[in-house]
Amino acid sequence: MVFVTGATGLIGSFLLLELSKKGKQIRAMKRKNSDLEAVKNLFLEFSDLESFQKIDWVESDLLDIPDLEKHFDGVETIYHAAASVGFDDRSRKQIHEINVKGTENLVNLAIAKTIPNFVYISSIAVLDEIPGEKIITEKSKFDAERIHSEYAISKKKGEMNVWRGSQEGLKVLVVHPSVVIGSLDGNRASERLFQLAGKKKAFATAGLTGYVDVRDVAFAMVELVEKNKWNEAFILNSGDESFLNVFNHLRKAKNLGEAKLVSKGKLKLAKFLSQISRIFGGPYMSQASYHALTGNVVYSNEKIKKEIGMEFIPIEEALDFHAKRYEKFKS
Numbered sequence: 001m002v003f004v005t006g007a008t009g010l011i012g013s014f015l016l017l018e019l020s021k022k023g024k025q026i027r028a029m030k031r032k033n034s035d036l037e038a039v040k041n042l043f044l045e046f047s048d049l050e051s052f053q054k055i056d057w058v059e060s061d062l063l064d065i066p067d068l069e070k071h072f073d074g075v076e077t078i079y080h081a082a083a084s085v086g087f088d089d090r091s092r093k094q095i096h097e098i099n100v101k102g103t104e105n106l107v108n109l110a111i112a113k114t115i116p117n118f119v120y121i122s123s124i125a126v127l128d129e130i131p132g133e134k135i136i137t138e139k140s141k142f143d144a145e146r147i148h149s150e151y152a153i154s155k156k157k158g159e160m161n162v163w164r165g166s167q168e169g170l171k172v173l174v175v176h177p178s179v180v181i182g183s184l185d186g187n188r189a190s191e192r193l194f195q196l197a198g199k200k201k202a203f204a205t206a207g208l209t210g211y212v213d214v215r216d217v218a219f220a221m222v223e224l225v226e227k228n229k230w231n232e233a234f235i236l237n238s239g240d241e242s243f244l245n246v247f248n249h250l251r252k253a254k255n256l257g258e259a260k261l262v263s264k265g266k267l268k269l270a271k272f273l274s275q276i277s278r279i280f281g282g283p284y285m286s287q288a289s290y291h292a293l294t295g296n297v298v299y300s301n302e303k304i305k306k307e308i309g310m311e312f313i314p315i316e317e318a319l320d321f322h323a324k325r326y327e328k329f330k331s
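All residue numbers for the sequence shown refer to the UniProt record's numbering, where the first residue is 1 and numbers rise by one.
Hint data in this document are derived by calculation from the structure and do not stem from the laboratory.
Check before you lean on any hint, since a few could be wrong.
Mimicking DSS-like on lysine-lysine, the simulated pairs with C-alpha atoms at most 25 Å apart in a straight line are [unchecked claim]:
{"hint": "1", "residue 1": "Lys-22", "residue 2": "Lys-201"}
{"hint": "2", "residue 1": "Lys-227", "residue 2": "Lys-305"}
{"hint": "3", "residue 1": "Lys-328", "residue 2": "Lys-201"}
{"hint": "4", "residue 1": "Lys-328", "residue 2": "Lys-254"}
I would like the entire structure built from these sequences, with the hints used as guidance.
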């Protein structure tokens with residue numbers, strides 16, 4: 001049996017679908033009052049109701065150890081997809097509770113319950129450029145001297161707990177997805193990409209980063225486990241593109257004009273104004289967010305292509321597929 005955390009989230013939902021296709025017995029964790037409708041609809045669209053109904057749903061909390069440990073009987077592999085995603089430093093407490101303490105609790109219970117396998121979804125946010133090298137690979141490390149978002153710091157600390165688990169007998173697998181392109185119900189944080197790009201007047205930066213389809217993230221995790229690629233880390237990245245080009249591709253499909261390029265100078269001014277706004281409880285652009293929007297980072301996917309022959313869905317194809325689903329949800 002496999003145990004999936006974050007099962008009602010974007011990656012978790014598509015992971016359930018992929019595991020179901022492989023005929024896995026699934027126990028999925030959800031929080032109190034979580035709505036299963038989006039997951040159910042995903043199965044109805046790409047699988048069937050019977051497959052959805054086979055999932056054993058349990059209600060628990062990563063911070064409630066006595067309750068959490070009730071649900072591990074018969075589990076052989078944990079897929080840890082639950083995370084608090086945020087780039088505003090003000091959400092620090094919640095981010096660290098879920099991403100650090102929650103992961104630590106899960107790793108400790110896996111060791112105590114002798115569950116052999118642990119799959120962790122990390123992020124490219126924890127990988128920094130090696131001086132003198134232009135491409136980020138799995139050999140790239142987290143540079144504590146650099147400016148990072150609270151999210152990146154929390155994911156790195158969570159990942160450290162996972163590698164600590166490997167030293168205590170767990171077989172672990174860590175994946176580093178780039179920016180995930182996906183659609184679930186039109187209300188997820190990742191789907192804001194389609195909302196922002198579809199505005200009458202849109203603005204974007206020339207900053208470059210990596211993108212990957214959520215379907216590839218789910219497929220890669222399951223395939224890596226099937227092929228026993230334990231105690232390894234893999235970057236999951238289809239390719240690299242600028243925010244401006246991504247926005248303009250989405251806008252072209254809707255017959256909208258090109259997005260307006262925001263220069264670094266204007267972004268610096270916006271960052272300064274947001275810091276003033278933060279004092280009064282308004283929106284805030286952190287230093288880490290500024291660097292993310294203006295960076296020029298390329299991520300290698302050569303390792304996973306070599307290890308399992310992974311073929312990624314092209315960025316434009318992923319954008320088109322999920323933009324159509326997003327529009328359907330919003331119509």
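Hint-by-hint comparison with the structure:
1. Lys-22 with Lys-201: Outside the cut-off at roughly 44 Å; violated.
2. Lys-227 with Lys-305: Given pair Lys-227, Lys-305 holds - Cα atoms ~13 Å apart, limit 25 Å.
3. Lys-328 with Lys-201: holds, 22 Å
4. Lys-328 with Lys-254: Between Lys-328 and Lys-254 the Cα gap is close to 14 Å, so the pair holds against 25 Å.
Violated hints amount to a single one, hint 1; each of the other numbered hints is respected by the structure.
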